[in-house]
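Student: Chains as they are written, first to last, in the working numbering: chain A, 1 to 156; chain B, 157 to 312; chain C, 313 to 393; chain D, 394 to 474.
These are calculated hints, taken from the structure and not from any lab test.
One or more hints might be untrue.
To be verified - Selected chain A positions facing chain D (in silico; Cβ < 10 Å):
hint, residue
1, LEU13
2, LEU14
3, GLU16
4, GLU48
5, GLU52
6, TYR80
7, ILE110
8, LEU113
As the list claims (entries may be wrong) - DEER-style ranges, computed between Cβ atoms:
hint, chain 1, residue 1, chain 2, residue 2, range
9, A, LEU133, B, ARG285, 52 to 60 Å
10, C, THR362, A, PRO51, 54 to 62 Å
11, D, GLU419, A, HIS21, 50 to 58 Å
Said to hold, decoys possible - In silico contact screen, one side only, chain B against chain A (beta carbon under 10 Å); selected entries:
hint, residue
12, THR168
13, LEU186
14, GLN257
15, PHE259
16, ALA282
17, ARG285
18, MET286
Glycine included, each C-beta is placed from N, C-alpha and C at the ideal position.
Residues per chain, in single letters:
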Amino acid sequence: MIELTQQPIDFTLLTESVRSHQAGAVVLFLGTVREFTGEARTAWLEYEAFPEMATAAMQRLEAEVRAQFSVIEVAMSHRYGQLALGDIAVAVVVSSPHRAQAFEAGRWLIDTLKHSVPIWKKEHYADGRMEWLPAEPVKSSGAVSHSETIDSEQPE
Amino acid sequence: MIELTQQPIDFTLLTESVRSHQAGAVVLFLGTVREFTGEARTAWLEYEAFPEMATAAMQRLEAEVRAQFSVIEVAMSHRYGQLALGDIAVAVVVSSPHRAQAFEAGRWLIDTLKHSVPIWKKEHYADGRMEWLPAEPVKSSGAVSHSETIDSEQPE
Amino acid sequence: MKLSILLFSAAREIAGCESFELHLPEAATVAQARVALLQSLPALATRTGTLLWAVNHDYASDDRVLQETDVVACFPPVSGG
Amino acid sequence: MKLSILLFSAAREIAGCESFELHLPEAATVAQARVALLQSLPALATRTGTLLWAVNHDYASDDRVLQETDVVACFPPVSGG
């Protein structure tokens, strides 16, 4: 189940979609809108997406996570538009026979999603300032298939 | 929120209980009843608990995870009694400002819970056999506070 | 002193009861309670692995001194989750 | 050939439009499109970091040859999640 949506993310539905009698472990990650980053106070966030490519990129991620980890089911959802404090911006969930693989696959999936899915975040601060956030530095764990493109372009 | 229950675990409620404007990341782990372990086919599972000590042990785990990781909220629930295939036996969920700590805290919590909370699992196989499962070998990541007691007693 | 030892899991099944009463000297340790329990229920030694002990809902080592008011439990290594 | 370049995020805001039309030689590469775009919209070079390119909804390197039917997009490093 892959979703790009302007509506609130239903993490219960997403999690139920990966449950299976073959699975002993399910790991869900939620990325939520945090109020403070150091001293800077966020009022709300705006996410812009390139919808067709974002959906295609998430489908590629599903194929990659299935190829690299022993996962049974995978689901992910990213929201875009205006988000309030505490809202869920992204959810990824995997099921696996054992928990080590579920944690590793879930971590790989969110790390790689953040570096490869064409979505951008604009912070609107409580003091009225706004800015497009820079990309996260790429960590060694984020072995993206198109990593040559990404790694060479990314600030470190 | 700490719960030891004979009813189905409501992971939605548990997850909502840790969400916070201070959190950028939530990690939920579900342990579910798997049908096959190698060739052996499970029909159902029976979990026995020492309820007062299990609750006390989970409270100690909450204090330890708060001391060792930068978590904002923690919740965990373990079910006991008879469980069917696919049922959720255990759920742990943590929120944290950033995802690295959320994954690490969630992983530590489930690993340590499995080695320290007094609950036992009896497999009832499809062929009619039944057995109390042995404990999982302790991994280096499971730094239990009473690790001397546990490590020396555990089969490896 | 009289101490009632709570038993769980395979220890409970092998003993055939949820608790077992021991008569121990004052200030006996967990190690002494272990010896006394296994003398009374030798099947526990042959049919379970190492047994863990808990006093007042926390794990206790062999040198822990017991009191008559303690809640004492004995069980195989845990396997929840 | 005429190519319409889709712009996103800061690139879209700086350009003031959601797509920008380029006139390129046949079989031009992404590198040539980049040069042409930055000549037309120099503010893109000074006010964004490195720009990524995508062709038909997948990332493309500088030596990728473009066709008139391609869906081409240009945007800053992504920051979702």
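Student: The structure should be examined with respect to each hint, and the outcome stated for every one.
Tutor: Structure-based check of all given hints:
no.	hint	in the structure
1	LEU13	20 Å, violated
2	LEU14	15 Å, violated
3	GLU16	22 Å, violated
4	GLU48	6 Å, holds
5	GLU52	6 Å, holds
6	TYR80	8 Å, holds
7	ILE110	7 Å, holds
8	LEU113	6 Å, holds
9	LEU133(A) / ARG285(B): 52 to 60 Å	56 Å, holds
10	THR362(C) / PRO51(A): 54 to 62 Å	58 Å, holds
11	GLU419(D) / HIS21(A): 50 to 58 Å	56 Å, holds
12	THR168	5 Å, holds
13	LEU186	4 Å, holds
14	GLN257	12 Å, violated
15	PHE259	5 Å, holds
16	ALA282	12 Å, violated
17	ARG285	19 Å, violated
18	MET286	19 Å, violated
Violated hints, listed in ascending order, are 1, 2, 3, 14, 16, 17, 18; each of the other numbered hints is respected by the structure.
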